[in-house]
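Novice: Fit chain E to the supplied structure of chain H, relying on the hints for placement.
If you read the sequences in order, they're chains H and E. Oh and the first sequence: position 168 is 168 in our numbering, straight run, nothing missing. Oh and the second sequence: position 180 is 180 in our numbering, straight run, nothing missing.
Derived from the structure by calculation, the hints contain no laboratory data. It cannot be assumed that every hint is accurate.
In silico lysine to any residue, SDA-like type, Cα no more than 20 Å apart, as pairs [claimed, not checked]:
no.: 1; chain 1: E; residue 1: Lys-248; chain 2: E; residue 2: Ser-150
no.: 2; chain 1: H; residue 1: Lys-327; chain 2: E; residue 2: Ser-239
no.: 3; chain 1: H; residue 1: Lys-201; chain 2: E; residue 2: Ser-150
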Amino acid sequence: MAELQDIDFTLEYPYTRTTGPIIGPFLTGLRDGRILATKVGDRVICPPLEYDPDTGATVGPENLVEVGPAGEVTGWTWVTRPTSKHPFEHPFAFAQIKLDGADTTMLHVVDAGSEDAMSTGMRVVVRFRSERLGTINDVYFVPGDEPPEAPEVDDDAEPVTITEHLIGVRIREPLQPHRRRFAEGLLAGKIIGQRSPADGKVHVPSRGYDATNRVPMTSEHDVEVADVGTVTSFTEIVPVQYHGQTETEPYIRCSVLLDGADTTVGGIDIRDISVEDFRVGMRLQMVWRDSGDRMGDLDNRGYGLNEEVYERWEPTGEPDVDPESLKEHNF
Amino acid sequence: MARPCAVVGIGQTKYKRRRDDLSLDGLVREAALRALEDAEVSFADIDAVVLGKAPDALEGVIMPELSLADALGAVGKPIHRVHTAGSVGASTAISAAVLVESGRYDTVLTVTYEKQSEGNATWALSGGKSGGQGAGGTFAPWIREYIRRSGAPEHIGWQVAVKDRLNALKNEYAHLHLDDISIEAVKQSPMLWDPLHFLESCPSSDGAAAMVLSCEDFASRSPNPPAWILGHAKRTEFSSFPGRDTVKPQAGVDCSAALYKEVGITDPRRQIDTAELYVPFSWYEPMWLEGHLIAPEGEGWKMTDEGATALDGDFPVNCSGGVLSSNPIGASGMIRCLEAANQVRGTAGEYQVDGARVALGHAYGGAAQYFAMWIVSSELDPVFS
Chain H
1 MAELQDIDFT
11 LEYPYTRTTG
21 PIIGPFLTGL
31 RDGRILATKV
41 GDRVICPPLE
51 YDPDTGATVG
61 PENLVEVGPA
71 GEVTGWTWVT
81 RPTSKHPFEH
91 PFAFAQIKLD
101 GADTTMLHVV
111 DAGSEDAMST
121 GMRVVVRFRS
131 ERLGTINDVY
141 FVPGDEPPEA
151 PEVDDDAEPV
161 TITEHLIGVR
171 IREPLQPHRR
181 RFAEGLLAGK
191 IIGQRSPADG
201 KVHVPSRGYD
211 ATNRVPMTSE
221 HDVEVADVGT
231 VTSFTEIVPV
241 QYHGQTETEP
251 YIRCSVLLDG
261 ADTTVGGIDI
271 RDISVEDFRV
281 GMRLQMVWRD
291 SGDRMGDLDN
301 RGYGLNEEVY
311 ERWEPTGEPD
321 VDPESLKEHN
331 F
Chain E
1 MARPCAVVGI
11 GQTKYKRRRD
21 DLSLDGLVRE
31 AALRALEDAE
41 VSFADIDAVV
51 LGKAPDALEG
61 VIMPELSLAD
71 ALGAVGKPIH
81 RVHTAGSVGA
91 STAISAAVLV
101 ESGRYDTVLT
111 VTYEKQSEGN
121 ATWALSGGKS
131 GGQGAGGTFA
141 PWIREYIRRS
151 GAPEHIGWQV
161 AVKDRLNALK
171 NEYAHLHLDD
181 ISIEAVKQSP
191 MLWDPLHFLE
201 SCPSSDGAAA
211 MVLSCEDFAS
221 RSPNPPAWIL
231 GHAKRTEFSS
241 FPGRDTVKPQ
251 AGVDCSAALY
261 KEVGITDPRR
271 QIDTAELYVP
281 FSWYEPMWLE
291 GHLIAPEGEG
301 WKMTDEGATA
311 LDGDFPVNCS
321 GGVLSSNPIG
331 ASGMIRCLEA
341 ANQVRGTAGE
351 YQVDGARVAL
361 GHAYGGAAQY
371 FAMWIVSSEL
381 DPVFS
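This is chain H alone, in the form it adopts within the complex (with noise of 0.2 Å):
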């Protein structure tokens, strides 16, 4: 039988961000080997922004400024050990840079060799990577005030636009006591749910807790009930595409009242059914899988089943059960 693990769950998405009038501007001066700002009134800005960060008043790119290439660090932090999403792979400093010429700091990275060379009031100086995609990390800072050799610029180049970054979460946590239970049950075959000790509801899958008279409920008002049920809702989905979808052709996704139950099991997917053929009211049964084939990866949340503990749901042949009788259960 499956060992249940902890759950280990990366959420990314590659988003995008449009740039607008005057952070595209600056974008594409880092890629083209200037550092730009914006005049405000008397004060330069760097990095610059669309607007008066004191009044709120509209800044446009007529306001636009080059400043550095060299600065003054005003204040910073040492990284011991960087990770994946750093620009450096060996250890660098984070800090505030005030730019020749700008009047409010940039936090960018120091490429120092060393925490010994890093100091508050040091002169540091921009570098132009060799490839430049018109990100924030197309430069970084270097100790003293040697001026960079003038990039390569691509001429034809397009403006910066917009721009794309892959956002993600590491989500590490153990299953929740009843889900863990709830799972367990999956792995040898059976569906738990637990009776609601305030009215005898009994809730599939269980949150842990009856939530309509705000009651805990442990492990000794856990019950199994049966896997088989009667469709109590469906749609018929067809794929959006979006990252991390594997789905591409149509199915039917449903929601089931099991026998003995009180909530409703939702997201089951049917993909051997045809929508035609398919009703509220319509008796299904579950097949499991073999028991040394059922997975254990289940999370905290979620109405449904694990889909990997079952091979499919057929009709068990019943007459359907009227949907009006249904209308409480139709989640």
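Specialist: What follows is chain E alone, placed relative to chain H:
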């Protein structure tokens, strides 16, 4: 009783699939600056800012109320963030109104947005996993159940889809301008989530909406007509529990009943002149007409069928084109609220309902479990007979 509050400024962006000419800062500022201009005030006149949007996962910008504060002129001022899924636009408007009604602030700027093109809503709603059913896949089974219970003919959904898109042709801000929309086109469009066709579904939009809300003293001197907020209500229920009615959620019934009671409305269909209901999928027009006590149970679809909800009907719904024509999710509820205000201010242009005096703005969110509604009027203290 709280002190009166009115909408004195309205700002909207043009809604589009991708606003590639603007950054996120620029998007919210476009709406905010237009609202300030309409109210003839500046950021300096604003006492507090209330920002709303749907889940942060839609753009991947976490806690945007922090990074957008300066862009919205909130330096040195309180900024609040509201989040109630799809209903957030209306919840945000109500939260802003409460700040004025309570007497704490005189003039509040409220802004909502979504830049859907920066991410993918179906991905976000699926929790980043394969097999996401999206909002349409969630609501389609409940729509089927509504059809079963009410016995409504299938063309009702198509009619709503056509009516709202024809209304949108009169609204310059609307995302969809489908000149050749027709019952036949809706019916022939691909089935996405049986029984919902592609053209019965809302688009994915970038956009922002904003309002300036103010107290009576300021509003009565406001350069453009105020829309007085006569009342508002919010209600919530769990997405799933034994006995839940997903077709006519109790929270929605309670929300509207509380609102009508507060305002003094006893016959909503007759006493409300027009409504902007949150209808992201065509069938939600009749479902909310019933779910919010405007039509008797089982008869909402007849209002649609008889043309009562058309621009020239006796209860026009979504004259602006509605969510079916523009859906920057986080802003969509606020657009309902500000379009209700446009109607009673007489500023709805080509989609103005003649003589509109009392209007309803509404939004719902999550698994049809969060509700937020308000009623606005051209009069501070109208008499309902």
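Novice: None of the hints should be skipped; say for each whether it holds.
Specialist: Hints, one by one, checked against the model:
1. E:Lys-248 to E:Ser-150: 12 Å, holds
2. H:Lys-327 to E:Ser-239: Answer holds: Lys-327 of chain H to Ser-239 of chain E is near 15 Å, not above 20 Å.
3. H:Lys-201 to E:Ser-150: The given pair, whose Cα atoms are some 29 Å apart, is violated under the 20 Å limit.
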